[in-house]
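With the sequences and hints as input, model every part of the structure.
Chains as they are written, first to last, in my numbering: chain A, 445 to 523; chain B, 445 to 523.
Just so you know, these hints were derived from the structure itself, not from any lab.
Some hints could be false.
Identical copies carry no separate label here, and so any pair may be met within one copy or between two of them.
Unchecked claim - In silico SDA-like pairs for lysine to any residue, Cα to Cα no more than 20 Å straight-line:
(1) Lys454 / Glu492
(2) Lys497 / Ala464
(3) Lys519 / Met452
(4) Lys519 / Leu469
(5) Lys497 / Leu469
(6) Lys454 / Glu507
(7) Lys454 / Leu469
(8) Lys497 / Glu507
(9) Lys484 / Ala464
(10) Lys497 / Asp450
(11) Lys503 / His467
(12) Lys454 / Gly470
(13) Lys484 / Glu521
(14) Lys503 / Gly456
(15) Lys495 / Val485
(16) Lys495 / Glu521
(17) Lys497 / Gly479
(18) Lys508 / Gln466
(19) Lys495 / Gly479
(20) Lys454 / Gln466
(21) Lys454 / Lys519
(22) Lys495 / Ala468
(23) Lys484 / Val520
2 protein chains.
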Amino acid sequence: MKIRVDVMLKTGVLDPQGAAVQHALGTMGFEGIQGIRQGKVIELDLAENDKAKACAQAKEMCEKLLANTVIESYKVEAL
Amino acid sequence: MKIRVDVMLKTGVLDPQGAAVQHALGTMGFEGIQGIRQGKVIELDLAENDKAKACAQAKEMCEKLLANTVIESYKVEAL
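Take a look at the structure:
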């Protein structure tokens, strides 16, 4: 089954990528941008068909590889 | 209002980042991974409070900066 994982920097952690995008959009004439945060989205296609088991497997992947849990938070969602 | 933009490589476009993650997870002992695609998620905080207008603004940002529409597709969603 398909699992979607969102990995974002935690609130309070400086996000230079988001700041760069915000600055670039500002110079292009876009107005009213109060903030931008950029993160990763990872779409997993797993053989496991049980939703709970697949989500548990994805969470383990996040803890071990996909997210740096010191500065990033993740969200696992079955599609 | 908050807008969420997902930018993914189009189907058929080689995703070396996703392939690297898939390989790494394989070497770590995770089994049953049939495919991984990695993309970007951008959370915009816009001053515009009208949903339709904010989404239209986000779409314009995607066309002009956030996505390379030759190889990437994007999805705009109001939160």
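We went through each hint and held it up to the structure:
1. Lys454 / Glu492: For Lys454 and Glu492, the Cα distance exceeds 20 Å both inside one copy (29 Å) and across copies (25 Å).
2. Lys497 / Ala464: So Lys497 and Ala464 fail the 20 Å test inside a copy (38 Å) and across (23 Å) alike.
3. Lys519 / Met452: Answer is both: 9 Å inside a copy and 17 Å across each meet the 20 Å cutoff.
4. Lys519 / Leu469: between (27 Å within a copy, 18 Å between copies)
5. Lys497 / Leu469: between (41 Å within a copy, 17 Å between copies)
6. Lys454 / Glu507: Cα proximity of Lys454 and Glu507: one copy only (15 Å, versus 28 Å across).
7. Lys454 / Leu469: Close neither inside one copy (23 Å) nor across copies (24 Å); limit 20 Å.
8. Lys497 / Glu507: For Lys497 and Glu507, the Cα distance is within 20 Å only inside one copy (15 Å; across copies 38 Å).
9. Lys484 / Ala464: both (16 Å within a copy, 15 Å between copies)
10. Lys497 / Asp450: Answer is within: at 18 Å inside a copy they meet the 20 Å cutoff, but 26 Å across does not.
11. Lys503 / His467: Only across copies: Lys503 and His467 sit 17 Å apart there, 34 Å inside one copy, limit 20 Å.
12. Lys454 / Gly470: Intra 24 Å, inter 27 Å, cutoff 20 Å: neither.
13. Lys484 / Glu521: Both ways: Lys484 and Glu521 sit 14 Å apart in one copy and 16 Å across, limit 20 Å.
14. Lys503 / Gly456: Classified as neither; 23 Å inside a copy, 27 Å across copies.
15. Lys495 / Val485: within (19 Å within a copy, 23 Å between copies)
16. Lys495 / Glu521: within (9 Å within a copy, 24 Å between copies)
17. Lys497 / Gly479: Answer is between; shortest inter-copy Cα gap is 17 Å, intra-copy 36 Å.
18. Lys508 / Gln466: So Lys508 and Gln466 pass the 20 Å test across copies only (13 Å; inside, 31 Å).
19. Lys495 / Gly479: Classified as between; 17 Å across copies, 34 Å inside a copy.
20. Lys454 / Gln466: within (18 Å within a copy, 24 Å between copies)
21. Lys454 / Lys519: within (12 Å within a copy, 23 Å between copies)
22. Lys495 / Ala468: So Lys495 and Ala468 fail the 20 Å test inside a copy (40 Å) and across (23 Å) alike.
23. Lys484 / Val520: both (12 Å within a copy, 15 Å between copies)
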